[in-house]
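Heads up: the protein sequence lines correspond to chains A and B, in order.
Residue 0 is where the first sequence starts when you use numbering that gives the first Met the number 0, and the numbers rise one by one after that.
Residue 0 is where the second sequence starts when you use numbering that gives the first Met the number 0, and the numbers rise one by one after that.
The set of hints was computed from the structure by calculation and includes no laboratory data.
Where a beta carbon is used, it is the ideal one built from N, C-alpha and C, also for glycine.
A hint or two may mislead.
Claimed, not checked - These stretches of chain B come out as covered by chain A in the derived footprint (C-beta under 8 Å, 3 or more residues):
1. 15-26
2. 59-67
3. 162-171
4. 183-196
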Amino acid sequence: MFGLNSRKDPFLKRPFCYFRKKRNTIDILYRVVGKVTTLMTGLRAGDTAEVMGPLGNCYPVEGVEGRKPIVLAGGVGIASVYPLLGALVGKAHLFYGGRTARDLLLTGELESLSSGLTLATEDGSAGFRGTAVDAVRAHLKGRDKRDFILYACGPNGMLKAASALGVDGYIASEEKMACGIGVCLGCAVRTPAGYKRACKDGPVFPIGEVLFD
Amino acid sequence: MTDRGLQVRLGKLKLKNPVLTASGTAGYGEELAEFFDLSKLGAMVMKGISLQPWQGNPAPRITETPCGMINSIGLQNVGLDVFLREKLPFVRQWDVPVIANILGTDANEYIRLAAELDEAGVEAIELNVSCPNIKKGGISFGRDINSFSRLVAAVRRKVKNAALIVKLTPDAPVDVFARAAGESGADAVSLINTIPALAIDINTRRPLIKNVIGGLSGPAVKPIAVRMVYQASRAVKIPVIGMGGISCGADAIEFMLAGATAVAVGSAIFRDPMAPLKVIEEIGAYMKGRGIKSVSGITGAMAGR
Ligand SMILES: Cc1cc2nc3c(=O)[nH]c(=O)nc-3n(C[C@H](O)[C@H](O)[C@H](O)COP(=O)(O)OP(=O)(O)OC[C@H]3O[C@@H](n4cnc5c(N)ncnc54)[C@H](O)[C@@H]3O)c2cc1C
Ligand SMILES: Cc1cc2nc3c(=O)[nH]c(=O)nc-3n(C[C@H](O)[C@H](O)[C@H](O)COP(=O)(O)O)c2cc1C
Ligand code: FES
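All chains, please: the whole structure from these sequences, using the hints.
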């Protein structure tokens with residue numbers, strides 16, 4: 000959770016992933032969408048901000064067991080799966096989607112971190128024309144889905160489509176959060192066992208556990 | 000100022016300092032215990048509980064608004080049995096008074112909840128008759144003076160040991176309801192609960208909360224809350240617990256000057272889990288800086304009226 004805490008407005012902290020963690024620094028990769036992310040663009044070296052974390056769980060990599068990992072990232076979801084590519088020691092095939100070629104970042108570096116990189120853009124300006132989920136579906140065609148394990152992070156629509164691919168794996172929820180520590184119950188994710196908290200019980204959930212509308 | 004200078008009383012309940020958590024913003028203490036020693040709190044007010052577990056409302060349940068937020072959690076809670084079996088024993092590890100916040104869909108549910116919690120030994124019971132986020136019960140008691148008075152009196156008859164606190168809605172005249180609570184046997188009143196509110200995304204034209212209307216909290220509501228605490232405290236002799244947008248010691252002092260005996264820190268915990276402790280420290284520093292020996296000396300001490 001990241002906040003500019005000297006103020007009463009913006010009031011709440013915002014959830015971000017640890018994109019890259021070095022010895023004394025944490026990099027955050029963010030998309031400018033509103034209040035806090037706009038203010039972040041104005042930060043200068045030496046300015047202070049409050050960071051609370053790490054919070055929540057991680058993608059489990061123990062379950063791979065001979066299966067071929069597919070990593071699926073939509074937009075800024077790439078920040079979440081970036082450390083995962085490292086944990087999977089270059090064995091994952093990355094499917095990375097955005098609206099246009101301009102939305103796809105760091106593609107050179109991502110290529111070196113994965114066994115294969117498939118880009119997808121809705122306007123066809125780079126790679127596969129369509130969504131990254133469509134690209135995964137095309138990749139799986141004629142193959143046994145049981146040979147794969149899927150890790151996905153992106154907008155809710157993408158997670159819903161990814162959950163319907165029929166491949167085992169995990170998705171990282173991007174629910175809105177107020178506290179990030181499990182006290183507000185704001186980040187509700189619907190599961191067969193009732194609502195769970197994306198911040199404390201997640202954000203990573205097994206595919207099938209999150210019920211979409 | 001000594002530590003004793005921070006002590007306050009809510010009826011027969013003695014607190015080591017006047018700072019509580021606000022119900023629904025601190026869970027049942029499990030998460031905050033990872034951040035600080037819960038025994039530092041004046042009291043731990045638990046997330047609202049009902050007889051049966053409640054699912055809560057669909058997402059999105061929260062949205063930020065200028066200097067605050069709107070929520071519609073819908074009283075998602077574990078229900079009385081799990082509360083008594085798991086949650087209450089957990090906070091009992093700390094030397095901190097426990098205030099159980101309860102919510103029923105009818106008077107019988109309130110009475111049963113209160114009786115069982117009193118039996119279980121909680122130090123106080125806070126009747127939530129002011130939640131804007133559920134369909135039945137709750138706020139309907141908070142808005143109708145006759146059913147409100149009957150409910151408070153009926154619960155009072157069942158509660159033998161615990162202090163009885165009634166949490167008022169800002170959606171009704173607080174002086175009238177505070178007075179009725181006192182006359183019906185409450186030991187204290189608390190206010191304010193969240194203020195019914197709406198925010199709309201102008202691009203999608205959808206409400207930013209799935210349930211459309213939610214409750215506003217945070218610094219945005221503070222001046223309204225301070226005014227209501229002032230009005231309520233002038234209408235009653237019993238202590239008033241003030242809340243609504245408190246995020247620092249200065250906010251808390253303002254509530255006390257307006258008439259609050261104790262205060263609760265709510266949404267500010269979301270921004271900073273340590274907020275309640277900071278408020279306690281800053282109240283102490285204010286007193287020290289001005290040679291104030293007892294925090295109760297601040298209550299109702301607004302000058303010039
Ligand atoms: C676990 C988790 C990890 C995240 N990691 C990253 C990350 O690494 N990099 C990154 O850029 N973003 C990430 N996000 C999303 C990020 O938290 C939001 O973009 C941020 O809160 C927006 O803040 P703001 O003040 O700029 O926007 P606001 O002013 O709060 O909102 C602007 C607009 O963005 C929408 N919005 C706000 N929060 C979200 C959200 N969570 N999902 C979708 N739309 C939202 C609002 O509805 C509104 O339309 C993550 C979210 C979660 C839950
Ligand atoms: C997410 C959330 C959940 C809440 N749940 C409850 C509850 O269960 N019972 C209750 O009496 N009040 C509940 N409240 C109201 C708070 O206890 C408090 O009255 C209100 O938020 C004003 O204080 P604040 O501005 O410091 O948050 C809740 C508030 C929030 C923001
Ligand atoms: S963000 Fe508060 S419980 Fe998850």
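Comparing the hints with the structure gives:
1. Only residues whose C-beta sits within less than 8 Å of a C-beta in chain A count toward coverage, and the region 15-26 of chain B has 4 of them, enough to reach three; the restraint holds.
2. Coverage of the region 59-67 of chain B by chain A holds in this model, with 8 residues showing a Cβ closer than 8 Å to a Cβ of that chain against a need of three.
3. Judged by the Cβ-Cβ criterion of 8 Å, the region 162-171 of chain B is not covered by chain A as claimed, because only 0 of its residues qualify and three are needed.
4. A count of 0 residues in the region 183-196 of chain B with a Cβ less than 8 Å from any Cβ of chain A is obtained; the coverage claim is therefore unmet, three being the minimum.
Hint check: violations occur at hints 3 and 4; the rest are consistent with the structure.
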